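Protein chains in written order, with this note's numbering: chain S, 62 to 175; chain V, 8 to 121.
Hints are computed from structural coordinates only; laboratory data are not their basis.
All figures in this text were calculated on a predicted structure; none of them were measured in a lab.
There may be inaccurate statements among the hints.
Claimed, not checked - Keeping only pairs whose Cα atoms sit at most 25 angstroms apart, straight-line, the calculated DMTMM-like set for lysine to aspartate or glutamate is: (1) V:Lys10 to S:Glu119; (2) V:Lys108 to S:Glu115; (3) V:Lys66 to V:Asp46; (4) V:Lys10 to S:Glu163; (5) S:Lys68 to S:Asp125; (6) V:Lys70 to S:Glu163; (7) V:Lys62 to S:Glu163; (8) V:Lys108 to S:Asp125; (9) V:Lys108 to S:Glu119; (10) V:Lys10 to S:Glu147; (11) S:Lys68 to V:Asp46; (12) V:Lys108 to S:Glu163; (13) V:Lys10 to V:Glu59; (14) V:Lys64 to V:Glu22; (15) S:Lys126 to S:Glu147; (16) V:Lys66 to V:Asp91; (17) V:Lys24 to V:Asp74; (18) V:Lys66 to S:Glu163; (19) V:Lys78 to S:Glu163; (20) S:Lys68 to S:Glu119; (21) V:Lys78 to V:Glu16; (22) V:Lys78 to V:Glu63; (23) V:Lys108 to V:Glu12; (24) V:Lys108 to S:Asp87; (25) V:Lys64 to S:Glu163.
Unchecked claim - Away from chain S, derived, C-beta distances all over 10 angstroms, residues of chain V: (26) Asn14; (27) Leu56; (28) Lys66; (29) Leu77; (30) Gln79; (31) Ile110; (32) Gln113; (33) Gln118.
To be verified - Some chain V residues judged to face chain S by a derived CB distance under 10 angstroms, without partners named: (34) Ala38; (35) Gln41; (36) Gly48; (37) Val100.
Here a beta-carbon is modelled for each residue, glycine too, at the ideal position from N, C-alpha and C.
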Amino acid sequence: SAVISQKPSRDICQRGTSLTIQCQVDSQVTMMFWYRQQPGQSLTLIATANQGSEATYESGFVIDKFPISRPNLTFSTLTVSNLSPEDSSIYLCSVLSGRIYEQYFGPGTRLTVT
Amino acid sequence: SQKIEQNSEALNIQEGKTATLTCNYTNYSPAYLQWYRQDPGRGPVFLLLIRENEKEKRKERLKVTFDTTLKQSLFHITASQPADSATYLCALVLGSGNTGKLIFGQGTTLQVKP
Chain S
62 SAVISQKPSR
72 DICQRGTSLT
82 IQCQVDSQVT
92 MMFWYRQQPG
102 QSLTLIATAN
112 QGSEATYESG
122 FVIDKFPISR
132 PNLTFSTLTV
142 SNLSPEDSSI
152 YLCSVLSGRI
162 YEQYFGPGTR
172 LTVT
Chain V
8 SQKIEQNSEA
18 LNIQEGKTAT
28 LTCNYTNYSP
38 AYLQWYRQDP
48 GRGPVFLLLI
58 RENEKEKRKE
68 RLKVTFDTTL
78 KQSLFHITAS
88 QPADSATYLC
98 ALVLGSGNTG
108 KLIFGQGTTL
118 QVKP
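Excised from the complex, chain V in its bound form:
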């Protein structure tokens, strides 16, 4: 069966440390993988997109890796801050052409303690 799995347990880290979140998928062949941030009571906010032929993408303190052999993406936040506390969702973009269809993981909640 097709699955997208993110750690369901919350990730608690100390301010200043690097947070690493994992997204694993099975029986999908995504063309792209995206990461979103969701705060309580709000809709998801787009953070980063990585293509299947890219190994790594960076944006400020964020870094995403994409291993299509392992079927895994890692999302890193360096020098984490309490303001980074939120739920982070990975999403797969399937198929060719911009149909916009996204398949989301269930999200991992990150708590950064001062």
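In isolation and in its complexed conformation, chain S is listed as follows:
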């Protein structure tokens, strides 16, 4: 199994600013994922981040708004840019385990935009 930590666990940000969320894994993994979970909603995949290549974004999510870095096999960051109240959500990172299709999730970062 993989142990995933995220920083910060929560933050309150002002409209127009940006927040960078860090995701650290205790083992090397190829694929990392970033999800958004809006209040009362399901998890929605934002992008897939593979080390050494550009992140792949899902429909409705763009790099300018959600830039992602993946500098090595244990770490990734997601930045949420030009914040608006609609960005208030929980953001989670996950990794694919060695067992086929099983994912491990971090504890999430709760973002509130005022």
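With chain S held as given, fit chain V onto it using these hints.
Only chain V this time, still in chain S's reference frame:
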């Protein structure tokens, strides 16, 4: 349109009874279906995976069925306990190859009363 639907209303049951949660989907052809548990303030935790050619999968007090004709999965917890109280998410794994991409339902909250 493509949809994954889980009962949005919370399920309240008495301790010791069997809880049954439903996941229905339309216009998807998943290769696999997964169930996750999510506690408040935490990321989802993987519980079970069932393949499209499997009818049923069991793990301890958990049982999952998968009917690709009905496009439905049922998730059962037998001899339920208050500690089983949580939100349960179903997730579809699409396509061939281990891309890791998951599509989540919105989850059903289970409350087990002592």
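A quick look at each hint next to the structure:
{"no.": "1", "hint": "V:Lys10 to S:Glu119", "in the structure": "16 angstroms, holds"}
{"no.": "2", "hint": "V:Lys108 to S:Glu115", "in the structure": "16 angstroms, holds"}
{"no.": "3", "hint": "V:Lys66 to V:Asp46", "in the structure": "20 angstroms, holds"}
{"no.": "4", "hint": "V:Lys10 to S:Glu163", "in the structure": "22 angstroms, holds"}
{"no.": "5", "hint": "S:Lys68 to S:Asp125", "in the structure": "21 angstroms, holds"}
{"no.": "6", "hint": "V:Lys70 to S:Glu163", "in the structure": "17 angstroms, holds"}
{"no.": "7", "hint": "V:Lys62 to S:Glu163", "in the structure": "19 angstroms, holds"}
{"no.": "8", "hint": "V:Lys108 to S:Asp125", "in the structure": "22 angstroms, holds"}
{"no.": "9", "hint": "V:Lys108 to S:Glu119", "in the structure": "10 angstroms, holds"}
{"no.": "10", "hint": "V:Lys10 to S:Glu147", "in the structure": "23 angstroms, holds"}
{"no.": "11", "hint": "S:Lys68 to V:Asp46", "in the structure": "19 angstroms, holds"}
{"no.": "12", "hint": "V:Lys108 to S:Glu163", "in the structure": "10 angstroms, holds"}
{"no.": "13", "hint": "V:Lys10 to V:Glu59", "in the structure": "18 angstroms, holds"}
{"no.": "14", "hint": "V:Lys64 to V:Glu22", "in the structure": "23 angstroms, holds"}
{"no.": "15", "hint": "S:Lys126 to S:Glu147", "in the structure": "13 angstroms, holds"}
{"no.": "16", "hint": "V:Lys66 to V:Asp91", "in the structure": "14 angstroms, holds"}
{"no.": "17", "hint": "V:Lys24 to V:Asp74", "in the structure": "24 angstroms, holds"}
{"no.": "18", "hint": "V:Lys66 to S:Glu163", "in the structure": "15 angstroms, holds"}
{"no.": "19", "hint": "V:Lys78 to S:Glu163", "in the structure": "21 angstroms, holds"}
{"no.": "20", "hint": "S:Lys68 to S:Glu119", "in the structure": "23 angstroms, holds"}
{"no.": "21", "hint": "V:Lys78 to V:Glu16", "in the structure": "20 angstroms, holds"}
{"no.": "22", "hint": "V:Lys78 to V:Glu63", "in the structure": "14 angstroms, holds"}
{"no.": "23", "hint": "V:Lys108 to V:Glu12", "in the structure": "18 angstroms, holds"}
{"no.": "24", "hint": "V:Lys108 to S:Asp87", "in the structure": "22 angstroms, holds"}
{"no.": "25", "hint": "V:Lys64 to S:Glu163", "in the structure": "15 angstroms, holds"}
{"no.": "26", "hint": "Asn14", "in the structure": "13 angstroms, holds"}
{"no.": "27", "hint": "Leu56", "in the structure": "6 angstroms, violated"}
{"no.": "28", "hint": "Lys66", "in the structure": "13 angstroms, holds"}
{"no.": "29", "hint": "Leu77", "in the structure": "21 angstroms, holds"}
{"no.": "30", "hint": "Gln79", "in the structure": "17 angstroms, holds"}
{"no.": "31", "hint": "Ile110", "in the structure": "8 angstroms, violated"}
{"no.": "32", "hint": "Gln113", "in the structure": "4 angstroms, violated"}
{"no.": "33", "hint": "Gln118", "in the structure": "16 angstroms, holds"}
{"no.": "34", "hint": "Ala38", "in the structure": "9 angstroms, holds"}
{"no.": "35", "hint": "Gln41", "in the structure": "7 angstroms, holds"}
{"no.": "36", "hint": "Gly48", "in the structure": "7 angstroms, holds"}
{"no.": "37", "hint": "Val100", "in the structure": "5 angstroms, holds"}
Of the numbered hints stated above, those contradicted by the structure are hints 27, 31 and 32, listed in ascending order.
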